[in-house]
Amino acid sequence: MTLARTLPEALAGAARSKRGYRFLNARSAESYRSYADLYDAALRVAGSLAALGLGPGDLVAIIVGDPESFLTTLFGASLAGVVPASLYPPAMTSDLPSYLDATMRVLQACNAVAVVTSASLLPHIDALRELCPALSAVVSFDALQGPAITPGKTPSPSEIAFVQFTSGSTATPKGVVITHRNLYANVTAFSSAYGVNASPEDVAVSWLPLYHDMGLVGMALGAIYVAADAVLMTPEAFVKRPIEWLRALSRYKGTISFAPNFAYDLAVRRVKDADLAGLDLSSWRVAGCGAEPIHASTLSAFAAKFQACGFRETAFQPSYGLAEVVLAATMSPGGRRLHVERLVADDVTVRRVATRANGTRAETISVVACGTPLPGHEVRILDEDGRLLPDRHIGEIVLTGPSVSPGYYNDVDTTRATIRNGQLFTGDLGYLSNGELFVCGRVKDLIIVNGRKYHPQDLEWGVADLAGIKRGRVVAFGTTSAGGPDRAVVIAEPSGTVPASELTDAIRRRIVDVCGLVVDDVVLVPSGTVARTTSGKVKRSATKMLYERGDLASTATATSGA
Amino acid sequence: MAASSPAEIETGVIEVLKNVSRRPIDPTPASDLAADLGFDSLQILEVVAELEDRFDISIPLNDVPAARTVAQVVAQVAALVNGAATA
Numbered sequence: 001m002t003l004a005r006t007l008p009e010a011l012a013g014a015a016r017s018k019r020g021y022r023f024l025n026a027r028s029a030e031s032y033r034s035y036a037d038l039y040d041a042a043l044r045v046a047g048s049l050a051a052l053g054l055g056p057g058d059l060v061a062i063i064v065g066d067p068e069s070f071l072t073t074l075f076g077a078s079l080a081g082v083v084p085a086s087l088y089p090p091a092m093t094s095d096l097p098s099y100l101d102a103t104m105r106v107l108q109a110c111n112a113v114a115v116v117t118s119a120s121l122l123p124h125i126d127a128l129r130e131l132c133p134a135l136s137a138v139v140s141f142d143a144l145q146g147p148a149i150t151p152g153k154t155p156s157p158s159e160i161a162f163v164q165f166t167s168g169s170t171a172t173p174k175g176v177v178i179t180h181r182n183l184y185a186n187v188t189a190f191s192s193a194y195g196v197n198a199s200p201e202d203v204a205v206s207w208l209p210l211y212h213d214m215g216l217v218g219m220a221l222g223a224i225y226v227a228a229d230a231v232l233m234t235p236e237a238f239v240k241r242p243i244e245w246l247r248a249l250s251r252y253k254g255t256i257s258f259a260p261n262f263a264y265d266l267a268v269r270r271v272k273d274a275d276l277a278g279l280d281l282s283s284w285r286v287a288g289c290g291a292e293p294i295h296a297s298t299l300s301a302f303a304a305k306f307q308a309c310g311f312r313e314t315a316f317q318p319s320y321g322l323a324e325v326v327l328a329a330t331m332s333p334g335g336r337r338l339h340v341e342r343l344v345a346d347d348v349t350v351r352r353v354a355t356r357a358n359g360t361r362a363e364t365i366s367v368v369a370c371g372t373p374l375p376g377h378e379v380r381i382l383d384e385d386g387r388l389l390p391d392r393h394i395g396e397i398v399l400t401g402p403s404v405s406p407g408y409y410n411d412v413d414t415t416r417a418t419i420r421n422g423q424l425f426t427g428d429l430g431y432l433s434n435g436e437l438f439v440c441g442r443v444k445d446l447i448i449v450n451g452r453k454y455h456p457q458d459l460e461w462g463v464a465d466l467a468g469i470k471r472g473r474v475v476a477f478g479t480t481s482a483g484g485p486d487r488a489v490v491i492a493e494p495s496g497t498v499p500a501s502e503l504t505d506a507i508r509r510r511i512v513d514v515c516g517l518v519v520d521d522v523v524l525v526p527s528g529t530v531a532r533t534t535s536g537k538v539k540r541s542a543t544k545m546l547y548e549r550g551d552l553a554s555t556a557t558a559t560s561g562a
Numbered sequence: 001m002a003a004s005s006p007a008e009i010e011t012g013v014i015e016v017l018k019n020v021s022r023r024p025i026d027p028t029p030a031s032d033l034a035a036d037l038g039f040d041s042l043q044i045l046e047v048v049a050e051l052e053d054r055f056d057i058s059i060p061l062n063d064v065p066a067a068r069t070v071a072q073v074v075a076q077v078a079a080l081v082n083g084a085a086t087a
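Each protein sequence line maps, in turn, to chains A and B. Per the working numbering, residue 1 is the first one in the first sequence, and the count goes up by one each step. Per the working numbering, residue 1 is the first one in the second sequence, and the count goes up by one each step.
These are calculated hints, taken from the structure and not from any lab test. As the structure is a prediction and not an experimental result, all values here were calculated from the model. Yeah, the Cβ is synthetic: ideal placement off N, Cα and C, and Gly gets one too. Treat the hints with caution; some may be incorrect.
What the hints assert, rightly or not - Negatives, chain B to chain A, calculated, CB over 10 angstroms:
{"#": "1", "residue": "Ser5"}
{"#": "2", "residue": "Pro24"}
{"#": "3", "residue": "Leu42"}
{"#": "4", "residue": "Ala49"}
{"#": "5", "residue": "Ala79"}
Said to hold, decoys possible - Below, in silico cross-link-like pairs of lysine-lysine (DSSO-like), each with a Cα-Cα straight-line distance of 30 angstroms or less:
{"#": "6", "chain 1": "B", "residue 1": "Lys18", "chain 2": "A", "residue 2": "Lys544"}
{"#": "7", "chain 1": "A", "residue 1": "Lys305", "chain 2": "A", "residue 2": "Lys272"}
{"#": "8", "chain 1": "A", "residue 1": "Lys305", "chain 2": "A", "residue 2": "Lys253"}
{"#": "9", "chain 1": "A", "residue 1": "Lys272", "chain 2": "A", "residue 2": "Lys153"}
{"#": "10", "chain 1": "A", "residue 1": "Lys272", "chain 2": "A", "residue 2": "Lys253"}
{"#": "11", "chain 1": "B", "residue 1": "Lys18", "chain 2": "A", "residue 2": "Lys153"}
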């Protein structure tokens with residue numbers, strides 16, 4: 001099917017359909033909004049933004065947690081011809097002062113002219129105005145009641161559709177610029193038969209945050225471009241009761257739902273057997289998986305648990321992508337069983353070659369296939385000197401194609417370091433085999449000890465299930481002292497159930513077992529020290545910086561006497 | 001549902017915490033959920049869901065960050081249980 005070229009045209013097209021969003025609130029109370037209604041509401045938001053004096057090129061930051069308000073504001077800003085930027089709202093458990101500090105730095109860096117936020121956040125954001133000279137208006141979503149504008153001229157494909165501030169693993173978030181051309185190219189590609197093969201008869205079901213590409217583009221905007229129904233719930237609702245995600249798929253006969261690996265894991269661990277009765281997942285034909293390392297064991301466990309409810313393993317479509325290519329660069333074909341390669345661990349870490357394990361070796365690494373590049377896109381694997389590597393050799397994943405972002409908003413240096421001549425240097429490691437991409441880790445975070453390269457994810461994953469460690473609160477990295485060799489460091493948050501000396505011993509022993517690496521330093525830190533990005537990834541470089549500066553408090557001093 | 005006594009609520013809260021933790025923990029009223037008992041934000045939401053089911057209440061997500069210790073959770077649940085009972 002042919003899609004609209006720009007977001008305003010896609011919105012107008014969806015408004016002519018009989019489809020809409022179904023918003024699920026707490027306890028699954030629902031409100032249905034047709035795309036026609038939503039379009040009218042967005043035109044009123046556009047009128048209000050214009051009345052504030054905002055015009056072309058002005059950046060409007062959207063800091064709104066409620067899905068319906070967020071999307072209406074985004075669409076309104078798009079129809080008003082201003083530049084919408086999504087920022088993440090404060091997490092339920094986050095500390096408000098540090099959240100506001102980070103938000104202020106984003107608003108300063110992007111010269112935001114206006115902020116649209118919730119009534120409860122409004123006074124806090126308004127207080128940032130004196131430190132953000134460009135910021136002329138801070139308004140509550142509830143105040144954007146119009147009057148409606150009449151739709152203006154269609155933007156050119158090279159204009160900015162939106163800016164997405166990523167939760168990237170660095171201290172300062174970066175705003176990825178997505179043009180209408182980028183958005184059209186990626187939605188067209190992942191909706192095609194090479195991707196999820198979407199049609200207006202599909203029903204998308206999502207709890208993903210809308211300030212992240214998978215939730216915004218993959219689910220909410222994908223549904224608008226295709227003019228299909230979408231059922232949207234909040235991330236908090238899912239985390240609180242993972243069964244609600246599956247109930248929504250069952251109740252509304254959902255056909256497409258994406259989620260990162262951890263969500264499938266959470267569903268396996270948290271959904272009670274008693275809740276499986278009455279759950280019908282037979283309509284779910286695309287279970288997308290991406291945005292973080294994919295573990296074959298997690299997906300297999302999910303398929304086994306929910307098979308009795310009609311879930312099919314062939315629904316899984318692992319994919320690879322990042323916000324800098326809008327959403328997806330590769331996607332495995334629909335209707336295929338999981339394709340997993342078991343590799344010789346030594347060859348991956350030392351020789352940087354993906355050798356298939358023959359079954360007799362003890363140390364192996366399993367990697368899930370992420371499919372072939374989407375139509376019009378190309379994946380190349382380059383070595384450290386930028387030379388093209390042959391099949392099954394591990395190097396940096398470099399992407400080209402119409403989805404590649406022109407760069408980061410107001411940030412020439414970061415853009416130059418990442419996107420050159422239309423090539424996106426992803427910083428991720430992987431290899432190609434018969435045109436299919438396998439992702440192995442990240443370039444920047446490699447731990448190199450005695451000439452051997454280790455992926456910190458492998459260390460972190462290796463100790464994740466050790467008793468005495470808080471789940472997901474482990475960071476591994478290599479640190480270089482002047483002239484000396486790399487030292488491997490593991491930082492973990494203990495849960496307080498295992499004595500510290502036993503725990504550090506257990507961590508060291510496990511990493512030797514899993515990776516053959518002797519860790520130089522294990523530091524147990526107080527709860528909350530291992531910072532995470534908004535999508536749940538550990539902020540490795542931030543933790544590493546604290547460690548190198550000697551600013552990391554260990555629990556030995558922080559909780560002495562406890 | 002009949003109003004529960006503070007002691008019954010405390011027993012119930014501690015039982016939920018032990019079940020969700022899946023590890024041997026020994027919560028006391030003074031225990032901090034994160035620092036002492038090792039609950040992360042995912043597990044805290046799991047605790048919220050379990051408490052809602054057990055006491056037939058609805059805990060507003062905005063109130064969750066305010067309860068850091070077992071005693072504070074017990075007080076929150078008690079307020080909701082007794083509020084619902086007298087409504």
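Hints, one by one, checked against the model:
For Ser5(B), the shortest C-beta to C-beta distance to chain A comes to about 27 angstroms, beyond the 10 angstroms cut-off, and the non-interface label holds. The non-interface label for Pro24(B) is inconsistent with chain A: the shortest C-beta to C-beta separation is roughly 6 angstroms, within 10 angstroms. Interface exclusion of Leu42(B) from chain A breaks down, the closest Cβ pair being 6 angstroms apart, not more than 10 angstroms. Interface exclusion of Ala49(B) from chain A breaks down, the closest Cβ pair being 5 angstroms apart, not more than 10 angstroms.
Consistency note on Ala79(B): stated as away from chain A, and its beta-carbon is indeed over 10 angstroms from all of that chain's, at 18 angstroms minimum. In summary, the hint linking Lys18(B) to Lys544(A) is not supported, as the alpha carbons are separated by about 33 angstroms, beyond the 30 angstroms threshold. Restraint check for Lys305(A) and Lys272(A): the C-alpha separation of about 10 angstroms stays at or below 30 angstroms, so the hint holds. At most 30 angstroms may separate the alpha-carbon atoms for a hinted pair to count; Lys305(A) and Lys253(A) meet this at roughly 19 angstroms.
About 52 angstroms separates the Cα atoms of Lys272(A) and Lys153(A), which puts this hinted pair outside 30 angstroms; it is violated. Under the criterion of a C-alpha separation no larger than 30 angstroms, the hint pairing Lys272(A) with Lys253(A) is consistent with the structure, at around 21 angstroms. For the proposed pair Lys18(B) and Lys153(A), the alpha carbon gap of about 60 angstroms is over 30 angstroms, so the pair is violated.
Violated hints, listed in ascending order, are 2, 3, 4, 6, 9, 11; each of the other numbered hints is respected by the structure.
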